[in-house]
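Q: Spelled out, the chains give:
There are 2 protein chains.
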Amino acid sequence: MEKLRVVLYGVGAIGSRIAKFLLEKNGVEIVGAIDVAKEKVGKDLGHVLGIDKRLGVTVSDDPDVVLSKVNANIVIHSTTSFLKQVYPQIAKIVEHGVNVVSTCEELSYPYATDPELTKKLDESAKKHKATVLGTGINPGFMMDTLVIAFTGVCQTVERIKATRVVNAAKRRVQFQKKIGVGLAIDEFKEKMEKKSITLHVGIEQSIYLIASALGWELDEIKVESKAIQAKSGQVTGLRQYGRGIKLGKEIITLDLQAYVGAEEEYDSIDIEGVPSIHMKLSPGVHGDLGTVAVIVNSIPKVINAKPGLVTMKDLPVPSATPEDMRTYLKK
Amino acid sequence: MEKLRVVLYGVGAIGSRIAKFLLEKNGVEIVGAIDVAKEKVGKDLGHVLGIDKRLGVTVSDDPDVVLSKVNANIVIHSTTSFLKQVYPQIAKIVEHGVNVVSTCEELSYPYATDPELTKKLDESAKKHKATVLGTGINPGFMMDTLVIAFTGVCQTVERIKATRVVNAAKRRVQFQKKIGVGLAIDEFKEKMEKKSITLHVGIEQSIYLIASALGWELDEIKVESKAIQAKSGQVTGLRQYGRGIKLGKEIITLDLQAYVGAEEEYDSIDIEGVPSIHMKLSPGVHGDLGTVAVIVNSIPKVINAKPGLVTMKDLPVPSATPEDMRTYLKK
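Protein sequences, first through last, are from chains A and B.
If you read the first sequence in my numbering, its first letter stands for residue 4, the second for the next number, and so on.
If you read the second sequence in my numbering, its first letter stands for residue 4, the second for the next number, and so on.
These are calculated hints, taken from the structure and not from any lab test.
Treat the hints with care, as some may be off.
No copy labels: a pair is met if it fits in one copy or bridges any two.
Claimed, not checked - List of simulated lysine-lysine pairs, DSS-like, C-alpha gap at most 27 Å: (1) Lys164 with Lys229; (2) Lys249 with Lys28; (3) Lys252 with Lys164; (4) Lys252 with Lys28; (5) Lys130 with Lys87; (6) Lys164 with Lys316.
Pulled out of the complex, with its shape left as it was, chain A reads as follows (with noise of 0.2 Å):
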């Protein structure tokens, strides 16, 4: 049987690390490899990962041509974390007729971003037998499609709260930048005004993806975001409150804290409902660690979806993929 044939469609620390483990598991080939940074641009791919092993794959900055050349089964497509952004380039992959999953977090619930570029999105993969996806650990897993899953065993929702504590420590220096860490709180507060600090984008579309897969029209969703500070005033990281909120009642809150020194992460899920649920999982699941394994995990599901532009609670229940990728190519 023919291997799974995979393109890469931005190699940067989620795609390289994608790529690493697509290359540890049997029945898939990576067949192209686009980015647009001018330092890999030429490179065989292995290069580029930094791993001791020629691969035969030129990192190319022309999307159509590794695209009308290669004859893919799917693209990996991790640039960045903005819908508005990301457009052309699904737009594009989507017109060769080649399936997309992302890890674009503002993909994981397009609605909530654009409804009216999602709905042009949804009907040109219809049109091209493409089908779309977006997400990863979180969103797309942890804060929403774990959620809703719980809410299978449920009479009845009143309620629901997700927490997810991270320690920021662990992550990549990129990461802790990317929420704070290290600022003295004057900066911070500064940094967040002019938007530059880049907080975790994914909430809204957690809390939409629930409300959606629930039937909840909610009348208004608040996100916040709050320094977490270490005693010497310093920013340790971060705290976001996401709310989604209807007839003036809570009914969907969001707390996810990322910071440098947090003692226990962990996951929590709390129903109030018939039943109520109360999970843990600890420790909680490291976020580069999952995305890479929710995004591979859900190349099965997208291949064998219907064409158009889905959502996590619109694919079968997630599950590890096998060491052999190609017993999941369509029949």
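With chain A held as given, fit chain B onto it using these hints.
A: Same frame as chain A, now just chain B:
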């Protein structure tokens, strides 16, 4: 918009609870009820349910008569745990082109029990454009679907263990009898040998469902039951182990404990892999409550699934059903 039209096939302990729950929801109508019990046939469903209201639905023992006149969207089937016994009942429903959600434990992964019969049922369902699902809290969610969902964040999975501890004192007397509560140990052993104690059915199905989602081919499945005894020697319940074995290694372990006096009721899932997962749900979900929820919450998924026999791993991630169920009628 028209209401969702449901027929109950089996109005016993679980069927009645499901009926009562459906009566609380909007956009759904019970349009027929089937049961063989002489004391129920010919009676109004409201009377059979013990509620103070005529429902205008007369319990019938003739599925053909009911199904040919009520134009149902789905049948909620709850009669027995065994595939061979439910097969003719389900086959009949399917011939009427009606979808089925069943509490039959063996139907949650019927390939485990009888691949021939399963194939026949699948073919008939496809031919008559009906979808058939067996589910519940266990098998159906706690020790299989939820386990599968957690592997979705894993890059590799080495070994899986799921534990469910139930305090039998909180369950129906019928359930307590089923698991041998109150027997002397000799009586218990004797009844076990004669198979006159019906133990929990479904451990094997859960193991098969997990293995099938992960693409694991098991060499052997062992199911073993032991009495749990009080200091007095009296049986207080039982502990049932299911083991999925590959190349001599136990890679799936399901440990179900149901006994009077269990101090802590919980569900836990432990996955050895990258990353490892340690989840605890405390308290665990009450069996009857959870089964009613899982069955009713599966209705929209089944109605919108492709025809044929499906298992929980084939359907979208479980979720609670909105107040008004007609939102989910197939477009």
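Q: State for each hint whether it applies.
A: Hint by hint, here is what the structure shows:
For the homomeric pair lysine 164 and lysine 229, the shortest alpha-carbon distance inside one copy (18 Å) is at most 27 Å, but the shortest distance between copies (39 Å) is not. In this homomeric assembly, lysine 249 and lysine 28 come within 27 Å of each other (Cα to Cα) only across copies, at 20 Å, whereas the closest approach inside a single copy is 45 Å. Taking the closest pair of Cα atoms, lysine 252 and lysine 164 come within 27 Å of each other only inside a single copy of the chain (13 Å); across copies the shortest separation is 39 Å, beyond that limit. Taking the closest pair of Cα atoms, lysine 252 and lysine 28 come within 27 Å of each other only across two copies (22 Å); inside a single copy the shortest separation is 47 Å, beyond that limit.
For a Cα distance limit of 27 Å, the shortest separation of lysine 130 from lysine 87 inside one copy, 21 Å, qualifies, whereas the shortest one across copies, 45 Å, does not. For a Cα distance limit of 27 Å, the shortest separation of lysine 164 from lysine 316 qualifies both inside one copy, at 18 Å, and across copies, at 26 Å.
Violated hints: none; the structure is consistent with every hint.
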